[in-house]
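Enquirer: Using the sequences plus the hints, can you model the full thing?
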Amino acid sequence: MTGTTLLLSLDLTGTLAFALNGAITGVRAARLDIIGMLALGMVTALGGGIVRDILIGALPPATFSDWRYLTVAAAGALVAFFLSKHLRRYALAIELADAAGLSLFCVTGASKALEHGLGPAQAVILGAITAVGGGTVRDVLVGRVPAVLTSGLYAIPALAGATIAVVSMRTGDYGVPAALGAALACFLIRVLGIRYDLNAPKAREVRNPK
Amino acid sequence: MTGTTLLLSLDLTGTLAFALNGAITGVRAARLDIIGMLALGMVTALGGGIVRDILIGALPPATFSDWRYLTVAAAGALVAFFLSKHLRRYALAIELADAAGLSLFCVTGASKALEHGLGPAQAVILGAITAVGGGTVRDVLVGRVPAVLTSGLYAIPALAGATIAVVSMRTGDYGVPAALGAALACFLIRVLGIRYDLNAPKAREVRNPK
Amino acid sequence: MTGTTLLLSLDLTGTLAFALNGAITGVRAARLDIIGMLALGMVTALGGGIVRDILIGALPPATFSDWRYLTVAAAGALVAFFLSKHLRRYALAIELADAAGLSLFCVTGASKALEHGLGPAQAVILGAITAVGGGTVRDVLVGRVPAVLTSGLYAIPALAGATIAVVSMRTGDYGVPAALGAALACFLIRVLGIRYDLNAPKAREVRNPK
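Chains as they are written, first to last, in the numbering used here: chain A, 1 to 210; chain B, 1 to 210; chain C, 1 to 210.
Careful: at least some of the hints might be erroneous.
As the list claims (entries may be wrong) - Per the computed footprint, the stretches of chain B lying under chain A, defined by three or more beta-carbons under 8 Å from a beta-carbon of chain A, are:
id, segment
1, 52-65
2, 68-81
3, 141-149
What the hints assert, rightly or not - Pairs of lysine-lysine residues, derived as DSBU-like cross-links and limited to a Cα-Cα distance of at most 35 Å, are as follows:
id, chain 1, residue 1, chain 2, residue 2
4, C, K85, B, K112
5, A, K112, B, K112
6, C, K112, A, K112
For the record, the hints were derived by calculation from the structure and aren't laboratory data. This one's a predicted model, so the numbers in the text were calculated from it and none came from an experiment. Virtual Cβ for every residue (Gly too), placed ideally from N, Cα, C.
Expert: As structure tokens, this is what we get:
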């Protein structure tokens with residue numbers, strides 16, 4: 001199994017996790033029908049990569065023109081539809097899969113941005129956008145304030161993973177081990193954030209004090 | 001009247017219908033002023049085509065750079081503003097015009113995607129995105145869960161029309177008759193859905209049972 | 001100081017104002033944490049230019065690939081975070097800065113669109129989109145109906161400023177004085193709108209009369 005195949009497998013795993021997660025969120029938040037779940041699952045799974053590819057000008061977006069991503073995303077959403085009754089007991093597994101998707105997408109997003117000639121700061125931001133973009137579109141569509149803006153550690157692990165990936169690419173140490181290390185760092189920060197309910201600091205009160 | 005002229009006329013008719021519909025939705029959902037109605041009508045009418053053209057990389061978007069689309073979309077929104085008091089009695093006509101726009105856009109969207117070299121599955125999805133995209137942006141802007149996710153048969157007729165168009169292009173039978181047939185199929189499914197209040201199946205209950 | 005440097009300075013001033021404004025809106029509307037404020041401030045400051053550059057096909061977007069915009073936007077959001085307790089007393093200053101950003105972005109947006117070969121009507125619309133786009137995305141993300149659709153004179157001054165810029169470019173009179181004049185016209189209309197609480201006309205009642 002070559003490095004490319006490994007990364008593709010991991011990328012498709014993340015796509016599957018996000019599609020499941022998006023479709024389930026859809027049915028919980030807004031009682032969507034099967035088409036709504038399919039659409040929301042696919043948007044969640046593919047949205048981050050689409051936004052990234054629009055911003056770097058790589059059109060049509062790879063996750064859109066490559067049938068494997070479309071197929072995996074649709075399959076994940078359909079699985080969520082048919083198993084939605086039983087998915088509650090797998091809540092932890094789905095949350096871990098979502099963390100895995102976040103971790104893989106921040107790394108692949110950052111490296112794709114660097115390959116297209118963007119600067120390191122832009123690549124880190126694009127990595128984070130790839131990771132959180134799909135979930136943000138999902139939340140907007142079902143009428144929620146995007147989780148990335150308000151809750152827990154979500155953007156921070158993605159920024160950390162993307163930063164490690166960019167630094168290792170710039171220092172010439174990038175490869176499958178570095179990519180996996182960056183993804184693993186993101187995953188661990190995210191899981192610790194869930195486990196200990198960590199949050200980024202909030203601003204001091206700005207509403208009327210009384 | 002050549003085929004191109006016919007298709008353009010139909011496309012502009014769909015644009016007009018969506019602009020009317022978007023502006024009326026705006027004034028009903030959020031008490032918009034004239035600028036808000038103009039903006040929302042134009043976004044509804046042009047949004048689907050803009051999203052399609054961004055995704056296939058045909059920038060600037062045709063519906064944006066072609067003054068005819070801009071003019072028709074603005075005119076539709078202004079008509080809705082000045083006649084908004086009387087438009088309630090034309091509710092059915094507006095809904096039928098919206099169905100016509102949906103039908104025409106799914107076909108023209110799918111054929112444009114195929115012409116730009118995308119695969120058939122991607123072309124079907126892009127046809128549906130062209131048809132439902134403007135209304136989705138409209139709903140997000142006025143704070144509603146997009147109708148396409150939750151209510152009745154809306155995406156399904158668009159997917160059906162786009163599929164017929166793509167199949168007939170691939171088999172070499174595409175032309176004005178096939179395009180109109182595909183649009184007509186979409187229109188009939190949509191109108192039957194409205195008439196008999198049909199809905200796509202929903203997932204089994206996933207909320208807490210008690 | 002050359003004209004280009006002057007315009008860049010003004011553009012970065014607008015970016016700073018929008019970043020401050022976006023981050024403060026974020027903490028008021030949705031109790032965002034520091035990452036949420038940073039994200040919302042940057043989206044507000046850079047979003048309009050990003051949408052403009054996507055629509056004219058100038059990818060990656062200038063405001064995204066140019067580190068100065070990213071830095072200024074991030075700095076503005078961080079200032080808002082650390083000073084959020086004290087910012088209430090500067091409400092007027094922030095509103096004026098927002099009006100300045102609106103004025104500068106509608107002019108720079110319109111001239112960039114003309115330079116990329118779009119027609120004058122499209123350039124006026126793109127100037128307005130550049131000016132109001134960031135705030136619109138900000139409002140959608142925190143779950144509000146975008147201010148541009150509903151409240152006061154916001155799009156009209158942007159359209160006026162963009163129109164003056166486009167006319168002066170087309171008549172060959174464009175330069176720093178014309179650009180500043182166009183921005184000033186937008187600024188004055190906006191400030192008069194705030195001062196006298198002016199609103200665009202609304203449609204006659206369309207809800208059920210009783």
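Enquirer: Each hint should be assessed against the structure and marked as holding or not.
Expert: Going through the hints against the structure:
1. 52-65: holds (count 5)
2. 68-81: violated (count 0)
3. 141-149: holds (count 6)
4. K85(C) to K112(B): Answer violated: K85(C) to K112(B) is near 53 Å, above 35 Å.
5. K112(A) to K112(B): With a Cα-Cα distance of about 28 Å, the restraint between K112(A) and K112(B) holds, given a limit of 35 Å.
6. K112(C) to K112(A): holds (28 Å)
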